[in-house]
Amino acid sequence: MSAATADHVTAVPKTPRGHRKSANGHKAGPLTYFMAILLVCVTLGPVSFAVLGGFRTNAQLAETPAGLPDPWVFDNYRRVITSSSFWQYALNSTVIAVLTTLMVVVFGMMAAYPLARFSFKHREKIYMIFVAGMLFPATVAIIPLFILINKDLSMGNTWWGVALPQAAFQLPMTIVILRPFLQAIPNEIEEAATLDGAGRVGFFARIVLPLSGPGMVTTGVLAFVASWNAYLLPLLLLSGDKKTLPLGVADFSSQYSSDTAGVFAFTTLSMIPALIFFLTMQNKIVNGLQGAVKG
Amino acid sequence: MADKSPASLDATLSATNRTTHTSAGDLASPAGGAGPDRRKTKPNYRLGVQAAAFIAPALILFLLFVVWPMIRAVQFSLYKWKGFGPLVDFVGLKNYVSVLTNDVFTGALVHNLIIVVASILIQLPLGLLIALLLNRKMWGRGALRTIVFVPYVLAEVIVAVVWFQLLQPKYGAIDTMLNAIGLSGPAQGFLGTPKYALATVMVVLTWKYLGFAVILFLAGLQGVPEELTEAAQIDGASWWQTQRKITVPLLGPTLRTWAFLSMVGSLQLFDMVWILTKGGPANATTTMVTFLITEGTKRSNFGIASAASVILFIIALIFALLYQRFVMRRDNPDYEPRKKRSKR
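Chains D and P are the protein sequences, given in the same order. Numbering of the first sequence is given in the numbering used here, commencing with residue 1 and proceeding in unit increments. Numbering of the second sequence is given in the numbering used here, commencing with residue 1001 and proceeding in unit increments.
Listed next, the in silico SDA-like pairs over lysine to any residue satisfying Cα-Cα at most 20 Å (straight line):
id, chain 1, residue 1, chain 2, residue 2
1, P, 1080, P, 1098
2, P, 1298, D, 232
3, D, 121, P, 1060
4, P, 1082, D, 150
If you want the footprint, here are the derived chain D segments under chain P, 3+ residues with CB under 8 Å:
id, segment
5, 139–153
6, 248–258
7, 270–279
Here are a few chain D residues that face chain P, going by a calculated C-beta distance under 10 Å:
id, residue
8, 43
9, 47
10, 49
11, 112
Calculated from the structure, these hints are not laboratory results. The C-beta atom is built at its ideal place from N, Cα and C for all residues, glycine as well.
Given these sequences and hints, build the entire structure.
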């Protein structure tokens, strides 16, 4: 019974999945396939050019930009992989993204729980504070944030100095996504848990957390990728050996802009983690977005 | 920055709908039922304390790193301040006047507006066309969807760095390919020529964000009930007629939400432009954010930069409110009950 209920609960925020179908009954004609191939070429062209470009020398790139590596050169990738700064940037990116994600998911769940299931004074007002927060783009607050972190908190050029504000800006969206998930947990389950002696905290830890898996994954992945790809805030706050990969890529590109092959190798290696992470989670993200869009 | 907002705004829109929906029926607990009544016998303050303890970490982070900097931005914007010493040089609205009369800023504002409009005009029809085509039974559709999603996943910085290399004058891949078919790019490169720079940025932006539109539209298409399209086909409608008369109208809420996200993202554009052109050549591609970053970090004109950021916020807010008022209003359940609501 519990399994069935769990399915029911997690399915609720996503509206009619039962209508999953496609096709509209019509099959694809040659025109569709032509368009699809064109789309693939346009989309993957620049990406594969960068990946393959990393296997070529600058001379090869200059002579025949559209050609394949001939011979294949591994030196560019080897140079990046053996450089300590690449791994330092990767470490910084990873730590900052993990810190951000943990704070977003843990604090977001904690806040969404009472906002979804307790009835107390000012609940809707507090919720509306977070909703309104989504209208504030981080770019607007960037200058005071820079001063707050650097001068008032002395956290300039630290992992936490970037992770804390990133988490803060990600929290409103997280709470707004998670609340419906928690609201959808049937009251009967809460009553059963109460009868079995669980308090609100016990109910949260034993029932709510396990049932909110999909919501936590969606918000966690969004927070991780947003942090991994972030540029503006790290640009203002980080320097030297605290830089993240996007900063490293941008630096490398402007310092060695004539070393096209090197730039391609560096860029390729830094896009791989987010790409793998996101594409393996793709279905969950799309479902999450789908749920959000369909309201 | 722009890639962060999408999901968030979707969620607000739907969630606000959802809350108004539920709170109307059942004030105590949206989950409904007997739960809250049982609670009333317990002392109320304990519930409040527990709620506060749960909400506190998120609220404190939010107030400290989002709300407080916003308030400070408004405060800074009223002073002439170079970033050190106390705030003493109160200048009132002078910073706003000097921002609004600055040609670089008004140019940036125009660029932002061009990008807002062009993004929608280019990506909406193109994205819709691709989504409709991909929504048919075809070989390799799953792989195709994944591929379409790739540019959206990449950081704007990565995309910009790759395209910067592709677009290098003479030796870049694009110029060489043009040479091969007997054309030649501008001598300074597409990004180095004021006439073409903004259009080139637009092309790269389209490459990056078209996939997001397609994925969102495809998700919306899944919500169009099969019975409707089947019924239309039985009545003799062609594929094209079915799409135009049934699918696209039912996709309305998704399209409107997407356009909203696109707008908000365009107004905040920074990363891509900063890597591709730094706002140049000759300020041909400045955006409001590149303006405020240049003023704030390069010239330490924190007052001016803050005034620009407040103006950016007000413009974004006006856009959001007007859009909600005149376009998204149709998606409010009270305005016009939608078919899918009744399915709940």
